[in-house]
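Colleague: Going down the list, the sequences are from chains A and B.
If you're matching positions, the first sequence starts at 169 in this note's numbering and goes up one per residue.
If you're matching positions, the second sequence starts at 169 in this note's numbering and goes up one per residue.
Since the hints were derived computationally from the structure, they do not count as laboratory data.
Wrong hints could be hidden among the right ones.
Identical copies look the same in the list; a pair holds intra-copy or inter-copy alike.
[Claimed, not checked] Below, in silico cross-link-like pairs of lysine-lysine (DSS-like), each with a Cα-Cα straight-line distance of 30 Å or less:
(1) K552 / K231
(2) K483 / K193
(3) K312 / K299
(4) K252 / K312
(5) K312 / K244
(6) K299 / K252
(7) K440 / K461
(8) K426 / K440
In this text, all values refer to a predicted model and were calculated from it rather than measured experimentally.
Each chain, written out:
There are 2 protein chains.
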Amino acid sequence: MSEYLPGLAGVPATKSNISAIDGEKGLLAYRGYPLEELAANSSFEEVTLLLLDGELPTANELKDFDEQLRSNRAVKYNIRELMKSLPITGHPMEMLQTAVASLGMFYPASECLTDGASCEDLQYVHNMTVKIIARMATIVAMWKHIRNGYDPIPPRDDLTYAENFLYMWTGKEPDPLLARILDVCLILHAEHTINASTFAVLVTASTLASPYSVIASAIGTLSGPLHGGANQKVVEMLHEIGEPENVEAYIDARLANKEVIWGMGHREYKTKDPRAPILQSLMMDLMEARGGKMSKLFEVAQVVEEVCEDRLANKGVYANVDFYSGVLYSEMGIPTDQFTTIFAVARSAGWLAHWREQLSDNRIFRPTQVYTGESNRSYIPIDKR
Amino acid sequence: MSEYLPGLAGVPATKSNISAIDGEKGLLAYRGYPLEELAANSSFEEVTLLLLDGELPTANELKDFDEQLRSNRAVKYNIRELMKSLPITGHPMEMLQTAVASLGMFYPASECLTDGASCEDLQYVHNMTVKIIARMATIVAMWKHIRNGYDPIPPRDDLTYAENFLYMWTGKEPDPLLARILDVCLILHAEHTINASTFAVLVTASTLASPYSVIASAIGTLSGPLHGGANQKVVEMLHEIGEPENVEAYIDARLANKEVIWGMGHREYKTKDPRAPILQSLMMDLMEARGGKMSKLFEVAQVVEEVCEDRLANKGVYANVDFYSGVLYSEMGIPTDQFTTIFAVARSAGWLAHWREQLSDNRIFRPTQVYTGESNRSYIPIDKR
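Chain A extracted, bound-state conformation (with noise of 0.2 Å):
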């Protein structure tokens, strides 16, 4: 038997070619492509692709996959009932990991859930993979209004993924620099190697679970406060700061007392996370469109990067992806529950690659463990222990 390693870290779980790491050097690509690169010229729907299916696609490939985004993007009236018979109290996460599972039985992936036969049919996959992808942005953004006592914004088809996505939460003509920075927070968040949602996308896939049951097991992963969810800690510790000429003092006191301050350092990367330059960059282009007026969250922000960079860059520590993203999301009006949300939205597409990956050369997890218990007890009945 192999050495036993706690999280399996460092254990190879699985062959992938969908994305790689490297920690050393600060570099994160989607097949092949640096991450630096798809941010700058495409888009959240090629990326998919991309991710999907392992090449760029051509045009008529891309425009087919958008329309196929864009026709699948309604739910069933009954699922907008069943949200509604949620607690508005519950987090968006529970709240989604319920939604997806739900879809399953609204949109029958029954294929899947007899002997698996079909499950290699690679346009069976493609389908699901669609309906699945832009129906999951619909139900995120239906959740703010539906819990705040108010119909849903119905979804748009003349609109690009990000552009109906801002859409839905405003109900407004989207700002066409917040739809670009939200389509960039799109593809950062898209994918990201095997962490343990991605892995629990591995585990529920090789039973040949369906799709819907795959990702709502992903979804409750990445709801843990270990995984998802960083970037609602950072507008919370910027909403704590408060004032700009509070930050110096609160970094100190949380550095002293070893305390984590949100949204700066990744395990993955010893240099800096290569997500974090592109969305500073975004983050300055949006303060130059409103000519330097920006909210005070967005202020803290930037004294927060600076006093961190003075403090602990020379550690190798720098802002991460998550670091940015919020502070982002907070200028959408996005509520700050709900971007762990966005975070799965964005990551569907990497689930869904690796869903189909799984399924390409499938085996069923079943690994081993290494037993510390009792052995050889007889039973006693209960009125001699």
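Got chain A; can you put chain B on it based on the hints?
Modeller: Showing chain B alone in chain A's frame:
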């Protein structure tokens, strides 16, 4: 980096003291107690507490636990409304994943969604466990009635777990022998080391996700046709055979075509599945109690077993736990496609024991990958592809 083993076969993924299998000898023990002794002497309530705490409870401990289970059987009427909004054509396992995911919103585990400190609080873990195990049976039995258009039968608190479960399906005073058989079925399915769904528990739990999200993830994993669902296949096969005189030709044709005989053999046991003879003996008790007047399904099952014993015993292939449990559930009036939901109810005991064990020494799962994809590609504008 360690060697890549597909499905992590033989790779230790956890230290555990909950259960152990000796596949060569055909032994299964929970906390060191052989399953045969527990099935003969114990109850599902006691076995659940044994799995959770590691020791057989005193009479007072068991009484307290049983009272907690009894008082948590009811579910809020909004959960019933949510279930009514689900399509009756969906698979019951999809319903169960949806409903359990929603429980986190109805009965918040909010402590677990913040910094996780209270996750180490044993009382909190114990309370969540009771609530989930008590309510899952209610939800599963409710679905039988809701999907037929009837109001569900509310649980009773004057019955044991198995008696009440049976009562909620039929609305009749539970037959003592059938209740005992169901109790034993629950004991036999409560735990089975690190299979795919239990592994999903560990992965999802490792991010400190709420126990509802953890169990929803496990249910999704169990729903796949390579994992749960074998006893459903057994009964479908028996119905397909139809008459005792068809058995020989049917089995021989399947063997000649190298097709699976559902309910025969088990990958973990080189000899007999230790759970099978226990259920076989209960099947005989039931036949005797009915003066030999059994259903057609029961008669066909007996002949299938004889024919398979003749053809396969020399290869070490015997009837497994799924072969008998499906036949017995059919005798209880439980619909075939709900068998896997009963498996999930029983296994919730083991899943929650593993949840607790994972929290006691947690490390987030983040295995690595063997990267087999492209590197160093450059983005090509769409008109140049």
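Colleague: Evaluate each hint against the coordinates.
Modeller: Outcome of the hint check:
In this assembly of identical chains, the alpha carbons of K552 and K231 lie at most 30 Å apart only when taken from different copies (16 Å versus 74 Å within one copy). Only within a single protomer do K483 and K193 lie at most 30 Å apart by alpha-carbon distance; the minimum there is 15 Å, versus 55 Å between protomers. In this homomeric assembly, K312 and K299 come within 30 Å of each other (Cα to Cα) both inside a single copy, at 21 Å, and across copies, at 29 Å. Taking the shortest Cα distances, K252 and K312 sit within 30 Å of each other both inside one copy (11 Å) and across copies (23 Å).
Both within a single protomer and between protomers do K312 and K244 lie at most 30 Å apart by alpha-carbon distance, with minima of 18 Å and 24 Å respectively. In this assembly of identical chains, the alpha carbons of K299 and K252 lie at most 30 Å apart whether taken from the same copy (22 Å) or from different copies (24 Å). Only within a single protomer do K440 and K461 lie at most 30 Å apart by alpha-carbon distance; the minimum there is 28 Å, versus 74 Å between protomers. Taking the shortest Cα distances, K426 and K440 sit within 30 Å of each other inside one copy (21 Å), while across copies they are farther apart (55 Å).
Comparing the model with each earlier hint shows no violations; every hint is respected.
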